[in-house]
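What follows is the residue order along each chain.
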Amino acid sequence: MNRQVKHLFGLVVVLFALLVAFTSNWTVFTAQSLEDNSANRRPLLEQQLVPRGLIRARDGTVLAESDGSGRGERRRYKRSYPQGTLFSHAVGYSFLELGRAGIEQSRNDELTGAADSVESFIDELLGRTAEGDDLLTALDPKGQRAAIQALGGQRGSIVAIEPETGRIRVMVSVPAFDPNEIPDRFRELNADEDSPLFNRATQGRYPPGSTMKVVTAAAALDSGRFTPGSVVDGASNKRIGGVPLQNFGNQDYGPISLTEALTNSVNTVWGQVAQRLGKEEYYDYMERFGFNVEPPMDYPQNQLTPSGVYGPRGRLLDEDDPVDIGRVAIGQERLQVTPLQMATVAATVANEGSRMEPRLGERVVARDGRLEERVRTAEAAQVMSRDAANQLKAMMAQVVKEGSGTQAALEGVPVAGKTGTAEVDGGASNQAWFIGFAPLDDPRMAVAVTVERTSGQGGTVAAPIAKKVLQALLSGRRG
Amino acid sequence: MSARWRELFGLIPVSLLVTAGFTSVLLTRSSSADLENPVTLTYGAFFLGCCLFGHLFIRARLPDADPYLFPLAALLAAFGLVVQYRIAEDFAREQATWFVIGLALFCATILFLRDLRVLERYRYTIAAAGIVLLLLPRVPGIGAQANGAYLAIKLGPIQFQPAEFAKLAVVVFLASYLGDTRDVLVQGRFPRLSLRRFGPLIVIWGAAMVLLVFIRDLGSSLMFFGGFLALLYVATARLSFVAAGGAMFFGGALFFARTVTHVQERFTIWLDPFDRKVVEDEGYQIAQSLFAQADGGLFGQGFGRALFELPTGQIILPAAHTDLVYALIVNELGLFGATGLLVAYLLFVARGMKAAMLAGEGFSKLLAAGLTAVFAIQVFVIVGGVTRVIPLTGVTLPFVSYGGSSILANFVLLALLLIVSDHARRDRLATPGGLV
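Protein sequences appear in the order of chains L and R. Quick note on numbering: our numbering labels position 257 of the first sequence as 257, and the sequence is numbered without any gaps. Quick note on numbering: our numbering labels position 433 of the second sequence as 433, and the sequence is numbered without any gaps.
Please keep in mind that the hints were generated in silico from the structure rather than gathered at the bench. Heads up, a few of these hints could be off.
Unchecked claim - Per label pair, the in silico range of CB-to-CB distance:
no., chain 1, residue 1, chain 2, residue 2, range
1, L, 423, R, 280, 50 to 56 angstroms
2, R, 314, L, 423, 55 to 61 angstroms
3, R, 299, L, 441, 57 to 63 angstroms
Claimed, not checked - Calculated Cβ distances over 12 angstroms to all of chain L for the following chain R residues:
no., residue
4, 126
5, 182
6, 274
7, 287
8, 288
9, 345
10, 349
11, 365
12, 375
13, 380
14, 387
We put the CB at the ideal spot given by N, CA and C, even for glycine.
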């Protein structure tokens, strides 16, 4: 009978091996998918146990902090936002039941301390409570406040970018929300028809109007087929895409240079320029500027929208689709852009044709003050040659000096820019735009301002706002 | 070194485990009120005292018994005590109390059962008692239903799981019965299918099926029938019997899985516990079990460190002290710790089998093999249920799960194994060639 007993033991060994195999499966091989299972509340509950790091503005202002309550094993942390509505969209929120948005989402690993796994492992061994790292952002409270004030309650958006680094100093979307109210009012805010939760700066799709002519001019100059002095017929009612196109006020300009055509925002000139470049080449330049893809930014993917020509059912049209490129070139057709995209266009020209990836984060700092990580800036593309960029800067300076953008001019600081006014609601109201940068010779700030459903134009509504924002941002850096 | 000294030294790792475990849990709670209450530490010391007493008792009464069985059982019990302490102080205190009673029962068994043949003499009485025990939970008034299965009886404040003792009774009966009839069962090259020979076996199959219907628990039915098949194989060496028996059991189980709603439900949940319809309801236990294990990973969160209690005071892992105790262990000690626990069980099983091999042919060999087999199957049924190898059922993890009946029954099981081992080894030591 001893042989059978041995066999029996062999069977037990096999059965126990099966148990170890299944345990390995749950603990190691399928652990990740179990953690991601929507019925699994553990990851969220666990994050409540760890104080998230602070989010700070570049001057140190605390934008988000964690308040603890309860003692010992029962201690839990909850997020609060001392600046209220000021940075609602950029910072976002993080709450147990409602998930996360904004930087709170995109930098979650750093804020929870999950990014440095070796360290948290050591912490665990030493019995230290894990802590999240602090995040220092590029956001500038003074500029942000000035921007919101300048918008004066009008719905719209403002984005300001440091051209050399791509760092986002200002990101405004009005109406905003108070992240502290998210736990109690989420449903209400989500249902609000003014869409306060929606980040107009990165998700809003607006017709860009004449600000698009900056992209067209960049393509024209960089292609080598045009110079600022190239003369094109600026008559109104030119046939573009088979249909006559009018200038603003149906004005005939006759043969004029590209510089003059930008200063006076002559539609027919830029329509012709784009047609001569052709759809393929024009699309190529749009893509160099970052159109047609989500911006490479440290922000949640689901809160970023690509800019481009939108066809039926929200499909982005490409160069093989029937697209009237002459009208795309002046910001018409079905072209829709985000304020972030247009700020990037201005910043790219300002940075001598080099487009930087937009960045909200600047540094990750451990609780004890050690620098954990410097958020790396990166060039996304060299959009145009330095020469072409410098020519375009001069042309844009003319716009502010004597063209449609004079209201953006600052005292003592030369500003370059471009206005835009797109008709919406069948011509009943306008989408007003201004994009630009300053100072002209050594641009330190690029900005895009857009105002929804206004009766005014880009030059009268958006340009003065841009002026105030640039003033606030530049004055802080003097001395 | 003599067997008893090895046994004593075997208790050293047990004391280390108890000390380390209690310290770890206490340190994790250092911020709360527990620190001001170091009395809880005495449970550990008390437990070690019990172990030492057990050792001395074996030294006096069963001097030649296997030296590893007792320390292994103590190790498992220590594990259980620490886990219960981690869950709630009260559980640890009650568990420690049960250990004392269990130890008393252990000593009583060894004192009064000097000759195992007594068990043989009363085998039909024992079998009847076992069946009565199993059916008690269906008796109105004292029976208690949990999750659709009838596994417990309630007498006032005391809850009692009769299946734990019934398993001992069934093994004793089968070992005795098969010890007598095995020659008849295997006689001839082509055994004729006669009712006289196979009748009792068919009765046992029928009993397992009735059990399945009556107590509606796949786990305990599997445990009983598995033990039966194991004994049948050891006694007759006929795989064909085992295959036929196994096929009959699975046939029956499958039939009931389709017809009895409760059993059917268990199967559906087993196949897809994450289905939206069940994951917050019937599938909640197994889903939470798997989430807890995933949270444990390779090394676990550390003793007392896993997420267990919600701010509301709710407990995230249901039945953590009984059915899902293995999931909590994986959560806190990881794959490595859980494998260690399984290895401890496997070593216990190995020593039990060893005792069976050393024992003389017949009843005592079958008894040791049967008890060990039932013990191993019980571990497999509950750990397999928690890890979704098989449908989850309400069987306890021996020596670790919270619960008096389980502890008492397993102490008796341990006593029986030690008695078999003591006799066998004494006989072997007396014969030339000695102990292998």
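Going through the hints against the structure:
no. : hint                                : result
1   : 423(L) x 280(R): 50 to 56 angstroms : 52 angstroms, holds
2   : 314(R) x 423(L): 55 to 61 angstroms : 58 angstroms, holds
3   : 299(R) x 441(L): 57 to 63 angstroms : 60 angstroms, holds
4   : 126                                 : 22 angstroms, holds
5   : 182                                 : 9 angstroms, violated
6   : 274                                 : 6 angstroms, violated
7   : 287                                 : 6 angstroms, violated
8   : 288                                 : 9 angstroms, violated
9   : 345                                 : 7 angstroms, violated
10  : 349                                 : 5 angstroms, violated
11  : 365                                 : 6 angstroms, violated
12  : 375                                 : 10 angstroms, violated
13  : 380                                 : 5 angstroms, violated
14  : 387                                 : 4 angstroms, violated
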